[in-house]
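Visitor: The task is simple: from the sequences and hints, build the whole structure.
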Amino acid sequence: MEAEYVLQMKNIEKEYYGNRVLKGVDLSVRPGEIHALVGENGAGKSTLMNVLFGMPVIHSTGGFSGEVYFGGEKVDIKSPLEAMELGIGMVHQEFMLVPEFTITENIKINREITKDNFLSRAFKNKGLKTLDRKAMSQDARKALDRVGLGVEEWVTVAGLPVGHMQFVEIAREIDKTGLKLLVFDEPTAVLTESEADNLIAGIKRLAESGIAILFITHRLNEVLQAADNISILRDGELVGTRRKEDTSVTELAELMVGRRIDINGKEGQAEDSEKREIILDIRNLHVDMPGERVKGVNLEIYEGEIFGIGGLAGQGKVGIANGIMGLYPAKGEVLLKGEKLDLNNTKGALNKGLAFVSEDRRGVGLLLDSSIELNIVATTMHVKNKYFKKLGFLNQMDIRSIREHANRMIKELDIRCTGPQQLTRQLSGGNQQKVCIARALTLDPNVLFVSEPTRGIDIGAKKLVLDLLVKLNKELGMTIVMTSSELIELRSICDRIAIISGGKVEGILRPDDSDRDFGLMMAGEYKKMKEKEAM
Amino acid sequence: MKDTLRKFVKSIGLPRLIITLMFIGICIAAIVLKLPFGMLASDVIRRFGMFGILALAMVPSIQCGTGPNFALPIGIICGLLGSLMAIEFGLTSKALGYGFISAILISLPFAILTGWAYGLMLNKIKGSEMLVATYTGFSIVSFMQIGWVTLPFKHPEMIWPIGKGLRVTVSLDSTFGEFLNKFWGFSIGGVYIPTGLLLFFFGCCLLVWLFSRSKSGIEMYTAGANPKFAAASGINVDKNRVLGTVLSTVIGAVGIIVYSLSFGYLQLYLAPLYMAFPAVAAVLIGGASTSKVKISHVLIGTFLFQGMLTIAVPVANQLFPEGNLSEVLRQIVQNGIILYALTKVGREA
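Each protein sequence line maps, in turn, to chains P and F. For the first sequence, the working numbering assigns the number 10 to the initial residue and increments by one for each residue that follows. For the second sequence, the working numbering assigns the number 13 to the initial residue and increments by one for each residue that follows.
Errors might be hidden in some of the hints.
[To be verified] Rough simulated footprint, nothing fancy, chain F against chain P, three-plus residues with beta-carbon under 8 Å:
1. 363-370
2. 400-412
3. 512-523
Hints were generated in silico from the structure; no laboratory data involved. A virtual CB, placed ideally from N, CA and C, is assigned to each residue, including glycine.
Guide: Dropping the structure here:
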């Protein structure tokens, strides 16, 4: 009996250290079908693909449960090589190409066609065989023609436009004989619109030749353009599979975001926030942060509110706080209480009463091999000249006042540690985050920027950190600007949430606005949709 | 049992433990061989004071994030230049410590300038400081081979009687040789205590310690411990790296003056070539890593390393009269410990 599906994954479950990231996901793909997989960051898309490819990260963390059928037979894929031998190919988001090699060499890499020469005969060693460049070129040409790339096969990859590189990757995958399933991991993320259209046409051509395509993306309009069927993942669960004909961008957006827990944080305050004073006025901010470019953001942040900045990874939301704090080159205008802020000057920003808890906790946020107390006061010592005493003409650090302050912070923020002299490396993620917040609070800021405050810490600690932010806001009236990839967190504690897409503000929403609006904004479809409605 | 043992070894550090055991072993051998205890102890103390400041020069460079200062010869050359000029200009009165103080004062501007220039260079090659430093040290020593011959020094005690240029070793007998050793020096039970030398060394340690707790010192430490953290706190990382390099070079210059003074000679030409390695080895044995160091590491490390070498010479000569075993031992320990420390780079993270 000919198998109906080329790939079937049944009831896949996966845990990372007690954290369930896949909760019984089913996925079926027919030959010649283009199947899209959509979901937010962290919804489990990559984990599912790691399971499919038998990546080491899955097996080194205890494997998974569930069954995978390929071509109708049950398979147990233990390594990417096995996946490749079965006929599963992958086109990566970051290109896995050797820039200095020609297109042919890249397509044939590690699968070179060789012929014997006297050395390889003499030593009976395969490694010494000569490359059969003519045969390789012919194969490469055939593969390039199949994807419809007209570039000569002997050109080096280095100078090619990104769109073409993508096609070279695809050509490499289809050149592998017996390819049955090709996975595209956010293939259009780095492409321009016309390149993306081109790619989708190419993908459709491939599907017509009988290869099944699994298409991972979060651009919803592309999904409808290209896919036959769409599976939506949210929080490790398969929340729905839709046929293209039966669904719409709006429905997909709603499914992708969904409401997961009830809003429990703020109430009542949101109404009057518009009447408050503007504390931070961001005008046309551009930040050159690699991977998180900001391309002209305008925001007005009111005094005493918790302002959320959300959006998908790579859209630029993280760049805003980093740019204002001067960690990455920025241009534009930022007014703090009507006063112009000197951009690209970290010390100046700190002095003016801004403080920043970085998204890169271990990289930027902490001195890992130093004590908790030094971590807490280090920035303030530099910026405000506090915690020193005079010793003749020398200023010396004042251990006693530092210890006092650190102990107070440890108590107030409930940092679980053996004492102020413990090294921060030894703390858990949640407590490390509290040390970072304590450091920012020591500066006595007017506006506190917090980026990804709950990244990489466990669920219990997440709640503590969020509660702490709410407490600071309510009791001290501190203005907090929180950047997070987790929409649900933003919606649970923020007064207003700006969604960033393509380096710009797509829109500002209230936490209780509809899932549909959030989903559309995350996908960057909101404005287009509104324009259409207006017409 | 096994766990407590492992914890114990970890808390002391494997290299420190091995060297301590070797040191104790050699001491026992010295007693068994009935070597003169007083003389050995005097020697250990003298070499401890003599090498200590050179090892201390590693502290600012490691703290500011450029790693152990393998380019110590830069500071050494400056110190030698200062000493030579002090003698040449006859600044060797008693008030100037027979030239000791004038040597330090003259070497300072050289050390500050070269340290600053070298620091600027280090900022351009972040990530490979140690390798570049080693070769910078080698280059500057080689370059000064020309300098020692061509510089217009005229003092008869320093230049070759026939021909041109400075001698390979310049005696300090008539100037500040042994000045600090004799300063308040006394003998107790056949052990000579060079009070001035030790006081000067401890004084330098105290200054560096005080600096490390000052505003500039903490900023420098922060810049070295995590440059990204420092930048996010508004600290100028590059400036602090230059500061650390300048300090290290200056301490190196002072260190070689104290070393020469206690040794009795200025050693020119190829002598400074490998001077950085014993200093680096000493702090590493003391428990420092390429990214973390304390003053206590300098004290413990210098004592263990120099103590072991001092006692190993007569012990090895007694046991194996033929050959140069103690020198071989020195090379093995010194290069072994540096190799060990380099294998640890980046693994702590």
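Visitor: None of the hints should be skipped; say for each whether it holds.
Guide: Each hint, compared with the structure:
1. 363-370: n = 3 at 8 Å, threshold three: holds.
2. 400-412: holds (count 5)
3. 512-523: Check failed, 0 qualifying residues.
Checked against the numbered hints given earlier, this structure breaks only hint 3.
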